[in-house]
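Novice: Residue-level listing of the chains:
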Amino acid sequence: MQRLLPVLTVLTGMIVLWYAAAVWMNSTWVFDQADRAGTTVSFAEMVPQTMAQERPLLPPAHQVAGELWKGFTGQAVTSKRSLVYHAFVTLKGTLMGFALGIVFGVGLAMAIVRFRVMEMSVMPWAIISQTIPIVALAPMILVVASQVGIEGRDIPKAIIAAYLSFFPVLVSMVKGLRSPDQMQLDLLKTYGASEAQTFLKLRIPASMPYFFASLKVAIAASLIGTIVGELPTGAIEGLGARMLIGSQFGEPLIMWSALFAAAILAGLLIVVVGFVEQLARSRMGVPA
Amino acid sequence: MSWIAGTVIVWLAAWALNARVAAGGWSRTKTGRLFVPLLFGVTLLVVWEGLVRGLNVAPVILPAPSAIAAKIATSLPTLWADFVQTVLKGALPGFLIGSGAAVATAIAIDRSPFLQRGLLPIGNFVAALPIVGLAPILVMWFGFDWQSKAAVVVVMVFFPVLVNMVAGLQASERMQRDLMATWGASYWQTLMKLRLPAAMPFLFNGLKIASTLALIGAIVAEFFGSPIYGMGFRISTEVGRLGLDMVWATIAVAALAGSALYGLIVLIERGVTFWHPSQRH
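Same order as they appear, the protein sequences are chains F and W.
For the first sequence, this note's numbering begins at 997 and goes up steadily by one.
For the second sequence, this note's numbering begins at 3 and goes up steadily by one.
The reader is advised that the hints may include incorrect statements.
List of simulated lysine-lysine pairs, BS3-like, C-alpha gap at most 25 Å [said to hold, decoys possible]: (1) F:Lys1185 to F:Lys1197; (2) F:Lys1212 to F:Lys1171; (3) W:Lys210 to W:Lys32; (4) W:Lys32 to F:Lys1171; (5) W:Lys210 to F:Lys1212; (6) F:Lys1076 to F:Lys1066; (7) W:Lys210 to F:Lys1171; (8) F:Lys1212 to F:Lys1088; (9) F:Lys1088 to F:Lys1076.
These are computed hints drawn from the structure, not numbers from a lab.
Same shape as in the complex, but just chain W:
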């Protein structure tokens, strides 16, 4: 009982503090803006821990955060091997190849409005399809190792990036293009100096979508067959054994990897599109 009462008190106190901070002037500063969500996250963990202990929730339903942390600490080598297999070998190469191919295709069809008009509606449609369904087929073609995972990721990220890149290449204004023409700039000069930079905000939008898709693709593909390591493999086997603490540990790694990949793209975006209104502070 005391666990539950304590949890409720901590929660109310943290919420009251957060409400005060959010209403005050400190929340406009950088540290304030970091403090509020962090406190919220910590409160969530405390409430989780308190409820699991207070209500005696069985570990096969929901392990406490402390148990998950302990599991992470004791199984670091396994988690690292899974991370290397799924993220570094499956998701990342697939992400790079898929986005690279999409950008190249977008530039290749850029000179033909006919192809663009044909490819854009199809690309938009395919981007909305459940492409994860290709995973079993690609696993059949490329075998159980990371090649098939990378292939799934390539297919999944290709269309969102392509659609955004094609839209981005059309983003420069008529006036700007006319200006390049009056300077006697060639097609390639216009492309390199005006249209590619103008396309960057769109490209990064596509890359952000693709970064989450990449991890989803790599993990789903492992459900259809994988060597004896990898995050998808770990999750599906540990769920079968009801080792939920290990499942949560893998989820924590997946969450970290996903957020890190997303954060990395945001950082690169800030460097590349520093001129864009959305990046000015």
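Only chain F is shown next, with the shape it has when bound in the complex:
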């Protein structure tokens, strides 16, 4: 309750602001219509008309919620009009990119921790790679993938998502693999542990908290990458493509429902990753 009340208050404030903005932005259209019809509308008449337009500048919350509901339950989940279907396509890309990003990030982190030359030559470039706006690369990755004969858009999308999600994993894992202190390393040396054993029994377990902390950032980044990968040039499936279609056909409701579906997906993914993190922490004996 202590934590819920402030959050609910702020949320309510946001929704009130949303409705006020919806009335204000959509009123232009109402007044235009009235002007053309040669009538005038009072404020009380105008407000209801801003709430149910077909192409509102800013759809009010209940209209978006209705469209979302229709998208989720209005048809079979395999239908091309179902948001569940598009969300699933996006989810698939996100998870593939997420997995790829984890493998790449962890592998690179291991190499960097093991070899000084890797750290010195690769680490600066890994940082620079994140200042390059990936969206600049996205359309090109799609074209090149189709040129070299990769069917479908799943793999290029996953590459874009992995490009964004590997970095948080890399940074955290480098920190985590280095977190055992000298005492612990010395202890293993007195046991006569080989390098591989030190890695498996000390460095890897020590890095786990860092690893899980980075996963939340990585999954969010992966989702952004997937949606960006769906935006440019002719995608027809996925939430990003829904946004693009909504934009091209001037259907704001499609855009808004896709946007909120993406937000819901992001929320679910973060909750799931947080849950896995909790589970792993308690299994490894970390106090909650």
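Following the hints, put chain W in place on chain F, whose structure we already have.
Specialist: Positioned in the frame of chain F, the structure of chain W alone reads:
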């Protein structure tokens, strides 16, 4: 064949040299620390060039670095116009307005713990959302020119900066605040002399995240409609025409712009937070 063999030899030689340098004492000095990554970068370019030539990769799949450099040299005016449109008119004003608004909001809600408790979880959540999705909506509202790009950037950078700034304002220690109180410092004096400086490392963390988001936002927004220049517009049209050398040239500009913006923020950070442990050498 000779191209590939040469490439492999150059690569192995450079790698061996790098490994030697990294193991030696020179790598601890400043020039050594610059030399190793630079050599790595140059090697990458050489390998790229060699493989493209040796394997006869079609320019519509991957142009060689030399071809990209030639394209950059011949189309400087276009690239400059795109840069001005996307970075100077779209990303930068959006970045400044968005971060400014976020800092102002953070200070405004600073006095109300209730608002902070409400806004922080929401801000954290929104910062993780794919806000780029707002791009088509904002393009619809603000038109095709740079105003809509700046608006997308404002929304994208607002929440990461806000979350970091709110955390930063709470970073000063109880002892320090008590000390200010014993000196009879007013709220504003405490804010200006203790809490804002203490918040700076957090703020710059947020600004660094925001700087990459700003460019992403400005470029993505151009996919949804733009005048006939701008980096996002250039990329999407040239990809359609398979003019990949121009695409790579624009990517090079985007990479430079992104790194420059990031570097600028790091420089300012060094000046502002020189007292912080992470800045001591």
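Novice: Of the hints given before, which are not true for this structure?
Specialist: Checked against the structure, no hint fails, so every one of them is satisfied.
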